[in-house]
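Protein sequences, first through last, are from chains A and B.
When you line the first sequence up against this note's numbering, it's residues 5 to 78, in that order.
When you line the second sequence up against this note's numbering, it's residues 82 to 659, in that order.
None of these hints come from the bench; they were simulated from the model.
It is possible that part of the hints are untrue.
[As the list claims (entries may be wrong)] No farther apart than 16 Å at their CA atoms in a straight line, the calculated lysine to aspartate or glutamate pairs in the EDC-like style are these:
(1) K308/B to D654/B
(2) K10/A to D24/A
(3) K536/B to D24/A
(4) K17/A to E364/B
(5) K6/A to D18/A
(6) K536/B to E46/A
(7) K209/B to D89/B
(8) K625/B to E597/B
(9) K536/B to E44/A
(10) K297/B to E597/B
(11) K649/B to E626/B
(12) K229/B to D287/B
(13) K307/B to D588/B
(14) K192/B to D89/B
(15) K536/B to D18/A
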Amino acid sequence: MKVTVKLFASLRKDRFAVDDFDYQEGATVGHILASLNISEEEAAIIFINARHGEPDSPLKEGDLLAIFPPVGGG
Amino acid sequence: MDKILRIDMGAAGGPKMQVESLGEYAGLGGRAMTSSVVAKEVPPFCHPLGGENKLVIAPGLLSGTGAAMSGRLSVGCKSPLTGGIKEANSGGQPAQVLARLGYGAIILEGKPQGDDLYKVIINKDGVKIEADNSLKMMTNYDLVVRMKAEYGDKIACISIGPAGEMKMQSASVACTDPELRPSRHAGRGGVGAVMGAKGVKVIVLDDTGCKARQPKDLQKFREANKKFVEGLSRHPVTGQALPAYGTNVLTNILNEAGAYPTNNFKTGQFAGAGKISGETIAELETKRGAGPTHACHRGCVIRCSGIYNDKDGNFLSKQPEYETVWAHGGHCGIDDPDAIAMLDFLDDTYGLDTIETGVAIGVAMQAGVVKYGDAQAAINLVKEIGKGTPLGRILGSGAAVTGKVFGVEKVPVVKGQAMPAYDPRAVQGIGVTYATSPMGADHTAGYSIATNILKSGGFVDPLKPEGQVALSRNLQVATAAIDSTGMCLFIAFAILDQPDTFQSLLDLLNSFYGLELTADSVTELGKKVLKTERDFNKRAGFTKEDDRLPRFFYTDPVLPHNIKFMVKDEELDSLFDW
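The whole structure should be built from the sequences, with the hints applied where relevant.
Take a look at the structure:
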């Protein structure tokens with residue numbers, strides 16, 4: 005299945021800003037984090053199609069996954 | 082910090098000053114000081130620009146000490162924008178310098194008899210007040226250059242630009258940063274108009290010859306400060322993300338969350354967000370020979386500020402904050418970072434609240450005055466405000482007035498004050514804060530984004546109404562307390578997540594003042610401040626109907642979540658029942 009992955013802030017370093025990937029059916033956010041060598045601690049904020057997700061959240065064809073390190077501001 | 086400087090600008094024969102003891106205001110700082118003075122001394126039904134209103138300027142309890150992050154200044158009055166009590170908060174140097182000079186507050190009161198414009202000069206030898214009409218309608222940046230030429234480069238300035246002199250409801254009070262740029266502002270609620278109504282252009286502070294304030298227990302204070310700084314460095318937000326990207330790191334995150342108000346709250350995602358994001362701007366700043374890491378006051382260890390150069394490498398503005406990038410950017414459909422930096426500079430130099438100004442322009446765009454996305458038109462509109470043309474005066478009166486003048490139905494304000502950069506439908510917790518804060522729509526008053534979006538201090542689902550009132554209540558209470566210490570609110574990211582860092586904040590206060598404050602006493606302080614502010618507003622005629630969002634947030638769903646604001650009125654009304 006095709007999933008679009010967006011990375012932000014320090015997670016982009018030595019990786020990418022946005023890319024499409026093919027993953028096996030049943031892959032979770034955690035599988036994708038492992039494939040990108042991002043620890044669960046680093047992936048502090050996860051959105052799947054603009055909704056908060058967790059490392060064990062399942063993904064489906066066409067999902068947009070956005071991953072942020074711990075950030076703040078205001 | 083054991084005295085108050087009171088200046089009666091309306092005294093017969095010219096301004097009359099008096100230095101008095103703290104009296105009943107002893108033990109108060111920052112927002113607790115400004116709100117207590119306003120609540121006690123300002124008649125709630127007075128006209129905000131009249132002689133009965135007062136402008137209160139107060140450093141926090143820890144300002145002027147060696148405590149890191151303690152450089153926040155509170156500016157309070159009855160707001161010309163909301164008609165309620167106001168505390169607008171600023172970084173920059175003045176809080177530290179004013180505290181070292183020994184002042185717990187400056188109170189400007191009365192109504193000037195003539196139309197002279199004054200400067201107030203405060204140093205270790207005392208206070209001087211001089212009329213200087215050559216400063217009339219001078220911009221903040223030009224004014225500070227002039228003050229530096231007259232009084233040297235050891236000064237810090239608190240000033241108003243032309244907007245404050247014209248008594249515009251979106252006028253700010255500017256504070257200089259360590260390099261004497263008037264780039265940090267007590268922005269909200271038209272505090273600059275009240276300073277203008279008092280006829281004071283600038284307060285020049287020079288603490289040469291003054292020492293840092295001395296703690297009761299120096300050794301404990303030093304230890305506490307060391308742990309506090311270590312805690313801030315250890316936390317990934319205050320130690321890494323804020324210095325690397327500044328507050329504007331939020332553009333991408335709010336956009337990905339579908340909570341980024343675009344084209345006057347029409348939708349929750351902006352196609353141009355990436356072009357004006359913190360990541361993009363930090364890279365651009367570095368490439369142009371400036372950078373995203375800068376302290377707005379001495380003693381700041383987070384350093385979330387930055388410097389934005391133009392394409393030729395010359396200073397254009399300080400790094401525009403997230404709220405500014407949104408108000409002048411996504412809210413207006415503008416995705417040009419250079420234009421946004423120029424708008425930031427113009428706001429700073431004319432002395433305008435960037436949120437109110439940007440939102441007013443977006444409302445004008447909704448009315449068709451100029452087109453969404455037209456950056457040059459937005460720049461021209463801000464210049465109209467600076468010149469005080471009739472159109473400029475309308476926009477400078479803020480979003481609510483602009484909406485009325487141009488017949489716009491959907492105007493994002495609460496208590497007349499423009500909403501900041503988070504759609505309250507897609508982040509229901511911030512909607513509760515916008516609705517209920519005594520300040521009007523103010524994100525800093527109870528920053529639910531931390532927990533709704535950033536997962537700091539736990540997690541409450543932003544798309545559901547459940548739990549939002551309790552979240553906003555707790556944050557509003559904590560914020561009112563932090564705003565009284567002089568501490569930058571960004572310490573909250575670390576103290577929400579790290580109990581030992583919260584303890585070191587308590588230790589700083591306790592070792593400095595010889596107190597035994599606990600977490601509970603901090604909560605009590607916050608509640609007391611909020612109660613004082615709510616009570617003022619009630620006496621000024623506010624009712625529970627004022628604690629509501631504009632109607633369209635209840636009737637028009639916003640994409641991508643297709644969601645309305647769902648927190649019930651009765652729940653909003655229970656926020657202050659503790």
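Checked hints:
no.	hint	in the structure
1	K308/B to D654/B	violated (40 Å)
2	K10/A to D24/A	holds (9 Å)
3	K536/B to D24/A	violated (26 Å)
4	K17/A to E364/B	holds (12 Å)
5	K6/A to D18/A	violated (22 Å)
6	K536/B to E46/A	holds (13 Å)
7	K209/B to D89/B	holds (13 Å)
8	K625/B to E597/B	violated (37 Å)
9	K536/B to E44/A	holds (14 Å)
10	K297/B to E597/B	holds (13 Å)
11	K649/B to E626/B	holds (12 Å)
12	K229/B to D287/B	holds (11 Å)
13	K307/B to D588/B	holds (11 Å)
14	K192/B to D89/B	holds (8 Å)
15	K536/B to D18/A	violated (25 Å)
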